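J.: Since the structure of chain X is already known, use the hints to place chain F on it.
Respectively, the protein sequence lines represent chains X and F. Just add 50 to the spot in the first sequence (first one is 1) and you have this note's numbering. Just add 63 to the spot in the second sequence (first one is 1) and you have this note's numbering.
These are computed hints drawn from the structure, not numbers from a lab. Be careful, since some hints might not be right.
Covered stretches of chain F, as calculated for chain X (at least 3 residues, CB under 8 Å) [stated by the list, open to error]:
id : stretch
1  : 82–90
2  : 165–176
3  : 216–227
Which stretches of chain F does chain X cover? Using the computed rule of at least three CB atoms under 8 Å from a CB of chain X, they are [as the list claims (entries may be wrong)]:
id : stretch
4  : 71–77
5  : 153–162
6  : 198–204
To list a few chain F residues with every Cβ distance to chain X over 10 Å, as calculated [as the list claims (entries may be wrong)]:
id : residue
7  : Ser114
8  : Val186
9  : Ala187
Keep in mind the model is a prediction, meaning the values are calculated, not measured. Note that CB positions come from ideal geometry on N, CA and C, so glycine has one too.
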Amino acid sequence: MILIGLMLLVLALLGAPLFAIIAAAALLGFWHSGVDQSVVAIEIYRVAEMPILIAIPLFTFAGYLLGESQAPRRLVRMTNALIGWMPGGLAVVALVVSALFTAFTGASGVTIVALGALLYPALREAGYSERFSLGLITVSGSLGLLFAPSLPLILYGVIAQQMDIGQPVTIDDLFLAGILPGILMLVLLSTWGLWENRARQLPLTPFSLHALGSAVRESIWEIPLPLLVLGGIYSGTFAVSEAAAVTAMYVLIVEVFIHREIKLKQLARIMRDSMVMVGSILMILGVSLASTNYLIDAEVPAKLFDFVRSHVDNKYTFLLLLNLFLLVLGMMLDIFSALIIMVPLLLPLAIGYGVHPVHLGIIFLANMQVGYFTPPVGMNLFIASIRFEKPVMEIFRSTLPFLFLLLLAVLIITYWPALSLGLLSH
Amino acid sequence: MDPVAPSGITRALRIIALLEDSLLVGLLALMIMLAAAQILLRNVLGSSFGSSDQLLRILVLWVGLLGAVAASRDDKQINIDMLSRLLPVRARLGVRFVVDLFTAGVCILIAWHAGRFVHSEYVAGSVAFMNIPAWIAELILPLAFGLIALRYVLIFFSHLRRFLAGTPVP
Numbered sequence: 051m052i053l054i055g056l057m058l059l060v061l062a063l064l065g066a067p068l069f070a071i072i073a074a075a076a077l078l079g080f081w082h083s084g085v086d087q088s089v090v091a092i093e094i095y096r097v098a099e100m101p102i103l104i105a106i107p108l109f110t111f112a113g114y115l116l117g118e119s120q121a122p123r124r125l126v127r128m129t130n131a132l133i134g135w136m137p138g139g140l141a142v143v144a145l146v147v148s149a150l151f152t153a154f155t156g157a158s159g160v161t162i163v164a165l166g167a168l169l170y171p172a173l174r175e176a177g178y179s180e181r182f183s184l185g186l187i188t189v190s191g192s193l194g195l196l197f198a199p200s201l202p203l204i205l206y207g208v209i210a211q212q213m214d215i216g217q218p219v220t221i222d223d224l225f226l227a228g229i230l231p232g233i234l235m236l237v238l239l240s241t242w243g244l245w246e247n248r249a250r251q252l253p254l255t256p257f258s259l260h261a262l263g264s265a266v267r268e269s270i271w272e273i274p275l276p277l278l279v280l281g282g283i284y285s286g287t288f289a290v291s292e293a294a295a296v297t298a299m300y301v302l303i304v305e306v307f308i309h310r311e312i313k314l315k316q317l318a319r320i321m322r323d324s325m326v327m328v329g330s331i332l333m334i335l336g337v338s339l340a341s342t343n344y345l346i347d348a349e350v351p352a353k354l355f356d357f358v359r360s361h362v363d364n365k366y367t368f369l370l371l372l373n374l375f376l377l378v379l380g381m382m383l384d385i386f387s388a389l390i391i392m393v394p395l396l397l398p399l400a401i402g403y404g405v406h407p408v409h410l411g412i413i414f415l416a417n418m419q420v421g422y423f424t425p426p427v428g429m430n431l432f433i434a435s436i437r438f439e440k441p442v443m444e445i446f447r448s449t450l451p452f453l454f455l456l457l458l459a460v461l462i463i464t465y466w467p468a469l470s471l472g473l474l475s476h
Numbered sequence: 064m065d066p067v068a069p070s071g072i073t074r075a076l077r078i079i080a081l082l083e084d085s086l087l088v089g090l091l092a093l094m095i096m097l098a099a100a101q102i103l104l105r106n107v108l109g110s111s112f113g114s115s116d117q118l119l120r121i122l123v124l125w126v127g128l129l130g131a132v133a134a135s136r137d138d139k140q141i142n143i144d145m146l147s148r149l150l151p152v153r154a155r156l157g158v159r160f161v162v163d164l165f166t167a168g169v170c171i172l173i174a175w176h177a178g179r180f181v182h183s184e185y186v187a188g189s190v191a192f193m194n195i196p197a198w199i200a201e202l203i204l205p206l207a208f209g210l211i212a213l214r215y216v217l218i219f220f221s222h223l224r225r226f227l228a229g230t231p232v233p
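Just chain X, with the same shape it has in the complex (with noise of 0.2 Å):
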């Protein structure tokens, strides 16, 4: 058997898709023991018992017609308008508003594309240096996945539910929780920004009323959005999948039809596009929770456990080994696979330790978001080289600055509870 593992890590290395690897894994454990290995058909299956699924594929169809639309230039032309004035106030816009666009779009690398050809040159143009602004670009690619609705909170939100753990995990819970976490980041970048450009005579929009305006003319019909999702969920009127379907619906006929900007025949694209993505990931979930029910029939969760607890005594120790053991995750794994591989095991260790599961979820979208820009497979590395033709390397060089603080704000997030469960109501 370890002999087989190991050949499949090797696999596994060498490229071979991860849910070939689980899903081998799956049928060799249960053919070990003996049982029926159509049972790996009828876990996959289980994707179709899960309600909140459905917000997955509606987010991300809606993430990827924004992307396509002329919404991230109206997006930008208006964050702009409102705080552009400030001294700094065009890093602090590139910062607030891949945020929220990674947000909506799932944090799927196409902040970079869709924003980074816009916020880059207006960077560039008004007096930031090359490698600020190529790091900030990168960095901001995967700022925002603490901010509803995205899809990796939703993910954790759904395998944790799918555990029995004994406490509730809402995903209202999670939005709410991730809402300080993301603020904190968003504002120690926004500083960082300010401080590393102070002696440059940077010029100043002046704030017009007439420009503002018209940028809200012009993004009359999607500024709704985020109104009518985050208000809709937080307020309790919409559950996550009405107000996946609500957004898709509202992004088709605003995009489609009212600004027709994007042609009926782009849409069957595009509609495919972003369901390679979400195949990709409910793939892996599927064959997961084929191996995830086998790892539990072997015991495997409980014996993991006891041998932590034999050699880590107390909560702070463990979250710092969670800590370092997230991060290395997160430059070997994206955040989906990550989420779905690990999170069945993680999450009966840190209750065992006394960590809240939500309070996990935000540790662990915290680690991972660094991941997106760590070698060797930071996936935003990789969309930033590629979009603005520089080594993967000078990138990586570009986002140190970035990387230290999102570092600083991991640890506080980790060893400060409140922060993430402070706005929880119960």
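T.: Chain F in isolation, oriented as in the chain X frame:
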């Protein structure tokens, strides 16, 4: 896709791809409209059509698996791929052969077991919702895994062709 294959096969593959994509886009459109209509009905009329929740959940599975089929066709499944970049070109192709065949093999196994599952549901006469038999809803499992296996067999042959022609993997 594969100029070595005879044109009849190429045409058949193109038709399969078109069918997959049309079904994917059609079902996603249905999902969006049904989900929106459901909210409208629930909030405005205070009612809902009986089984739309079950139908939506099954649509998620179908759209997800068809999306995964499309991802395989584009060779865009999520992977880690840390080691193969370090290998020389010829060795990298050799590695790809193994990986392609492994993936195809796993998918064929799952398609086979899923087929047995669907057959047992057919024999048992289980019902998904309303009068729809469960085996119809579950049919996508063997179908999607079969199609994904087919893609990886094709990807294997395209890598083999490149290996024989001596051109590197992109």
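J.: Each hint needs a verdict: does it hold in this structure or not?
T.: Verification of the supplied hints:
1. For the stretch 82–90 of chain F, the stated coverage by chain X is satisfied: 3 residues place a CB nearer than 8 Å to a CB of that chain, which reaches the threshold of 3.
2. Check on the stretch 165–176 of chain F: 7 of its residues sit with their Cβ under 8 Å from a Cβ of chain X, so the three-residue criterion for coverage holds.
3. For the stretch 216–227 of chain F, the stated coverage by chain X is not satisfied: 0 residues place a CB nearer than 8 Å to a CB of that chain, which falls below the threshold of 3.
4. Chain X is given as covering the stretch 71–77 of chain F, and this is violated because 0 residues of the stretch bring a CB closer than 8 Å to a CB of that chain, at least three being needed.
5. With 4 residues having a Cβ less than 8 Å from any Cβ of chain X, the stretch 153–162 of chain F passes the three-residue criterion, so the hint holds.
6. Beta-carbon proximity to chain X at under 8 Å applies to 3 residues in the stretch 198–204 of chain F; the threshold of 3 is reached and the given coverage holds.
7. Every CB of chain X is more than 10 Å from the CB of Ser114 (chain F) (nearest about 13 Å), matching its label as outside the interface.
8. Every CB of chain X is more than 10 Å from the CB of Val186 (chain F) (nearest about 13 Å), matching its label as outside the interface.
9. The Cβ of Ala187 (chain F) lies farther than 10 Å from every Cβ of chain X, with a closest approach of about 13 Å, so its non-interface assignment holds.
In this structure, the earlier hints numbered 3 and 4 are contradicted, and the remaining ones agree with it.
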